[in-house]
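Please take these sequences and the hints and turn them into a complete structure.
There are 4 protein chains.
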Amino acid sequence: VADATPEDARQIEEGRGLDRVIAFSDGVFAIAITLLVLNFKLPDLSGPDLDDELFHAISDDWGLWFSFALSFAIIARFWVAHHRLSMLLRRIDHHFLVLNLVLLAFIVVLPYPTEILGEYGNPTAVAVYATAMTLTGLASGVLWSYALRAGLMDSRVDDRWAKHSVLRGFMIPIFFGVSIPLAFVSTTLAEVLWAGLFFQHFYFTRRFGSILQPYRDQPPPTKG
Amino acid sequence: VADATPEDARQIEEGRGLDRVIAFSDGVFAIAITLLVLNFKLPDLSGPDLDDELFHAISDDWGLWFSFALSFAIIARFWVAHHRLSMLLRRIDHHFLVLNLVLLAFIVVLPYPTEILGEYGNPTAVAVYATAMTLTGLASGVLWSYALRAGLMDSRVDDRWAKHSVLRGFMIPIFFGVSIPLAFVSTTLAEVLWAGLFFQHFYFTRRFGSILQPYRDQPPPTKG
Amino acid sequence: VADATPEDARQIEEGRGLDRVIAFSDGVFAIAITLLVLNFKLPDLSGPDLDDELFHAISDDWGLWFSFALSFAIIARFWVAHHRLSMLLRRIDHHFLVLNLVLLAFIVVLPYPTEILGEYGNPTAVAVYATAMTLTGLASGVLWSYALRAGLMDSRVDDRWAKHSVLRGFMIPIFFGVSIPLAFVSTTLAEVLWAGLFFQHFYFTRRFGSILQPYRDQPPPTKG
Amino acid sequence: VADATPEDARQIEEGRGLDRVIAFSDGVFAIAITLLVLNFKLPDLSGPDLDDELFHAISDDWGLWFSFALSFAIIARFWVAHHRLSMLLRRIDHHFLVLNLVLLAFIVVLPYPTEILGEYGNPTAVAVYATAMTLTGLASGVLWSYALRAGLMDSRVDDRWAKHSVLRGFMIPIFFGVSIPLAFVSTTLAEVLWAGLFFQHFYFTRRFGSILQPYRDQPPPTKG
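Protein chains in written order, with the numbering used here: chain A, 11 to 234; chain B, 11 to 234; chain C, 11 to 234; chain D, 11 to 234.
What the hints contain is simulated information worked out from the structure, not anything from laboratory work. On a predicted model such as this, the values are computed, not experimentally measured, just so you know. Check before you lean on any hint, since a few could be wrong.
Remember, identical chains collapse to one label, so a pair may be satisfied in a single copy or spanning two.
Here are the simulated lysine to any residue pairs, SDA-like style, with alpha carbons at most 25 angstroms apart [to be verified]:
{"hint": "1", "residue 1": "LYS173", "residue 2": "ASP54"}
{"hint": "2", "residue 1": "LYS51", "residue 2": "VAL188"}
{"hint": "3", "residue 1": "LYS173", "residue 2": "LEU199"}
{"hint": "4", "residue 1": "LYS173", "residue 2": "ASN132"}
{"hint": "5", "residue 1": "LYS51", "residue 2": "LEU145"}
{"hint": "6", "residue 1": "LYS173", "residue 2": "ALA160"}
{"hint": "7", "residue 1": "LYS173", "residue 2": "PRO224"}
Quick look at the structure:
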């Protein structure tokens, strides 16, 4: 099913074919991020003070709300990265197609660890969630690296920008990866490390902001 | 995860990049509005007069039907507003991308308060529903305001039209916001206020109908 | 929420705006038709001869398979009609947008009556299903009629072809509408009438086949 | 509902119409592949050692993970084949539209046999899964064969390449079809045969790799 021979790699797609692959990927991202809402299960209440019970049932769900918000933000972050990559691509080959499908397989799974984290929140749940995010982050990083190495990007893309972006992308699997063993020490510590992802982002953006422009010299092409 | 530094704001997208962001947003709207059907749970019946029981089980579900119709209409209304905004945009920056994702996060959640309203319909349920709609309306209004303030729209867009549209959009969070405390006085009163949204629309359209044309002078561009 | 004033009707959309409205509609059709699979609920078995029980649990589900196949075919039929209409449109106004959203609201609901029919199959279930299909068919017919009457279609579309198509479209609500009272006489009779929809199609196609070409004189535009 | 008269077959679609049919199909593929995640049901635990129980509940789910990965890979494979076919099409007729909808109906169903396989994994489950894949593979093969026979593909497509692709596509229903009776002898044997699909792919790609280029002589059209 997975095709990985040298001959296949020659099957280049550009223009309309490339656009369709990205549209399919965007669709999978959009569906996975929307399915997160299915993790909220309506409480089945029937007591004397229904109003009060409902209020507590919803507000006690803060674990579910936290995991929803976190996963929405992270999947959105993966989508933004995928979107930026796709805007710089000029062609794709068969290996890229397969690596892209591997990334989508991890994206599709994410609502499940999100539910586990939201419902239980114990060390195992935190470790399972962190593992899922680590693997998804690795798949995303491998996709970027391959696109760069195989010369699939627009020739005007600045090499330093591209390498910087790939390295920055690997921050996600690094932070989540380190948090996996930490979860069994303290789930709070693991979640504090996740918050560190926000701060490293601001730090690196402040420090290396000057190379955020993907294109060398020329203005970006406006119509792809 | 959320990126909000001045440097990022320079990452402008036009043409194909803009189209993809809007297509992704349309996808999320389409999925969220379709997932509303999952709120209808098939009754598990097995009595002697199954036919009669089924009829009553379905017709007693009027709360679910009401909440489905209401949420479908409101999400459709948010989508129409988003669609109109997107048709006037000529470029987006990183802040717009983040604000757009925040709006989508609220849209994605809406099937859950819809289910709560349809299943319970008590003060808490009405207040939760109104809160969700208020926050979504605010997110939509902030997105429009930002697009206007940051100069992302077509330069031919009439300023008076744009400001009028933004103000009209804030009617949704205002009406729903006021209904939150009202719900604890009377759920009927809160729902009557929601119906007021329809009437204010007709009133304002009749009164200010003459500036409904978004473009100054020139005819609208037909091919974007 | 629903906007229906004369002033609004002037908000014409063409080109990119029209394409986006159709793409959103296609998305809703695609999601609704795919959600039909969620009607299949895995039986929860744990007996001594699990293999035999599973076989019977799946094969006894023929009601669900029948309702799945029927609804897939009918939603697909509605989508084909919507697709053909959209290919002939040259512009849409606000009324069309609202009527289109009303059609989508009915399409979104269809998985629920499908589940009711598949699970119960008694007179009430058959009548509920037929009612849902009647209303959806009417919404589709009203949309076609409006597009024709408001002059939204390509000027080269043959008037006779368009009127013929609208009338043919109303066959669905007519057949399903008549079957609603029939269901309480005999569910088999109602379902035989549904099968009549196939045969009327072949009859009318054979009889009026010669005006199936939507365009007068000229060959159809190949690039819209 | 299904239209199959000779007159209909004349309804040719090209350009924008063709693109929309493919986009609708891509949407159905994307939704079906994403719905696979719904097969993971959160275990309802509440014991003294929740952490340990959760770990075992998730890791004992290996049947579900196996069926998820397998179905994701196979649906992705069907999508890649459909994507490649669509890139070579220059026009479609009504018969193609109907055959395409039949394929989509099978794709839509696939999450259900995936759940059956993942939950039970006994001979009946394996046979049901293999039957679903056989039928889907046949529908895909019939679609390719029809497109080839009806001359819907780009005239520059190499005939030998097209026939080779159709034959290679039929490997899926052949391997899964043979595994149906095998499942009742040994489920392991049936699953080993499925693994054979990977190996036949590498064998044939190595042996016939030289005709993987769909276009004769000319370079492929880059903008469709």
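### Task
Any hints from earlier that this structure breaks? Give me their numbers in increasing order, please.
Numbers 1, 2, 3 and 4, in rising order.
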